[in-house]
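Starting from the structure of chain S, add chain E where the hints point.
Protein chains: 2
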Amino acid sequence: MADIALSPTARSTIRRRKERAVIDRAVLYRILDAGLVCHLGVIVDGAPLVLPTGYGRDEHTLYLHGSTGAVSLGNADGADVCVVVTLLDGMVYARSVFHHSFNYRSAVVHGIARTLADAEKMHGLRVITEHLAPGSWGHARMPNPKELAMTAVLALDLTEASVKVRAGGPEDEDDDAQVNAAWAGVLPIETRWGTVIPDAERPPAIPPPSHVKRRAGATLYAWE
Amino acid sequence: MADIALSPTARSTIRRRKERAVIDRAVLYRILDAGLVCHLGVIVDGAPLVLPTGYGRDEHTLYLHGSTGAVSLGNADGADVCVVVTLLDGMVYARSVFHHSFNYRSAVVHGIARTLADAEKMHGLRVITEHLAPGSWGHARMPNPKELAMTAVLALDLTEASVKVRAGGPEDEDDDAQVNAAWAGVLPIETRWGTVIPDAERPPAIPPPSHVKRRAGATLYAWE
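Residue numbers (the working numbering), protein chains in the order written: chain S, 1 to 224; chain E, 1001 to 1224.
Misleading hints may appear alongside valid ones.
What the hints assert, rightly or not - Here chain E is said to cover these stretches of chain S; the calculated rule only asks that three of the stretch's residues, wherever they fall, bring their Cβ under 8 angstroms from a Cβ of chain E:
(1) 41-47
(2) 78-90
(3) 166-178
Unchecked claim - Which chain S residues stay away from chain E? Per the calculated CB distances, all over 12 angstroms, these:
(4) D24
(5) A26
(6) D33
(7) R57
(8) E59
(9) H60
(10) T61
(11) V108
(12) R114
(13) L116
(14) D118
(15) E120
(16) R126
(17) D157
(18) L158
(19) H211
Claimed, not checked - Label-pair ranges, simulated between beta-carbon atoms:
(20) D174/S x A1119/E: 29 to 37 angstroms
(21) P1207/E x H60/S: 45 to 53 angstroms
(22) I206/S x I1112/E: 46 to 54 angstroms
(23) E147/S x D1024/E: 45 to 53 angstroms
(24) G74/S x D1157/E: 23 to 31 angstroms
(25) G1069/E x E120/S: 35 to 43 angstroms
No wet-lab data here; the hints were simulated from the structure. In this text, a Cβ means the ideal position worked out from N, Cα and C, and glycines have one as well.
One chain only, chain S, in its complex shape (with noise of 0.2 angstroms):
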């Protein structure tokens, strides 16, 4: 499957700048893997709703959750969604207003979305946790019965999908490169994790883990 190339639909083949469309299942999980928050847009009462929520990706099933209690979670099961991750690299200033653009990676990924149970619930919320938290699995308590019923876990499959970056610079006219009146280039975005804050109101026992302590000042939304 990961060989497949995505994107065998037709609300799923990008029309629009094709030279920014990537079907490649590898770069859809490059991206998935350096997001953190996904967009999930489900239909409730016949209008759509978006929302921000956690995710996580293990081989070719993205995994969800949110409280059992959430109008998105409780719409999306059995029903058509759409998860979005953004990577927002740049801010693109060319020659014209029309092509200035942002520097981006994107992934749209479209499916039926089925509530798990269970063990299959269970490794849901691992694979959420080690995507959101790296070694927070295993460090901090586990969930109990009670925290499982408020939590709800979705899979999708990762069949259908839009991928699309952009890097490099300006796609100025030739016209106004000529003219050349105006500045032209890029201003970077860069994303990184601060500096540990152990908890003030309660300070914990021990000192950070090794978990959170390697990745205190790293960049994120980078490539792996």
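Chain E only, in chain S's frame:
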């Protein structure tokens, strides 16, 4: 209008984690003004479609833009849409997996989008440009008729929105804090504009203008 509380409708009333809900129009505007990219949700062929896009705010109106060829924008005119801006501020490590969380600021806006034309369209483009790249409107070449025809600009009234803000340390169960076997605290997420990169392919004839230079190294997504 600035004094009117948000969320008069059922779908925009936050039912869970009420301590994180903010019913204050000023906070909505601060989030929108601090972000760069939104996620626009529309319904296409009965399924949700979510796409990242640039936006800008002027008073009580949100402006979005994109190609006239984009399915998302074509389906948004006169239709229910959902626009989300999410600012990720940190990872919250708790003593239990369940209480792990993000620090974040998010705005979920609901409404009927309308496509703009003529002077309104140009105004919307100016608002979006000056939000994404302040100083570019008036410095870069203005859109010509052909470019305007290729650009769709949508407006959305800011009347119905859910705003959530989570900040601070973990909210552990007392039992977990007493056992205190796991580390608890926060790793902040810090986003900055990087160093100015002039167009290498066709070097600009002028040095970076002040509206670009002053952005370099500055913090992104901060409260104003």
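Problem - Hints violated by the structure (listed by number, smallest first) - result: Violated hints (numbers, rising): 11, 16, 19 and 23; every other hint is consistent with the structure.
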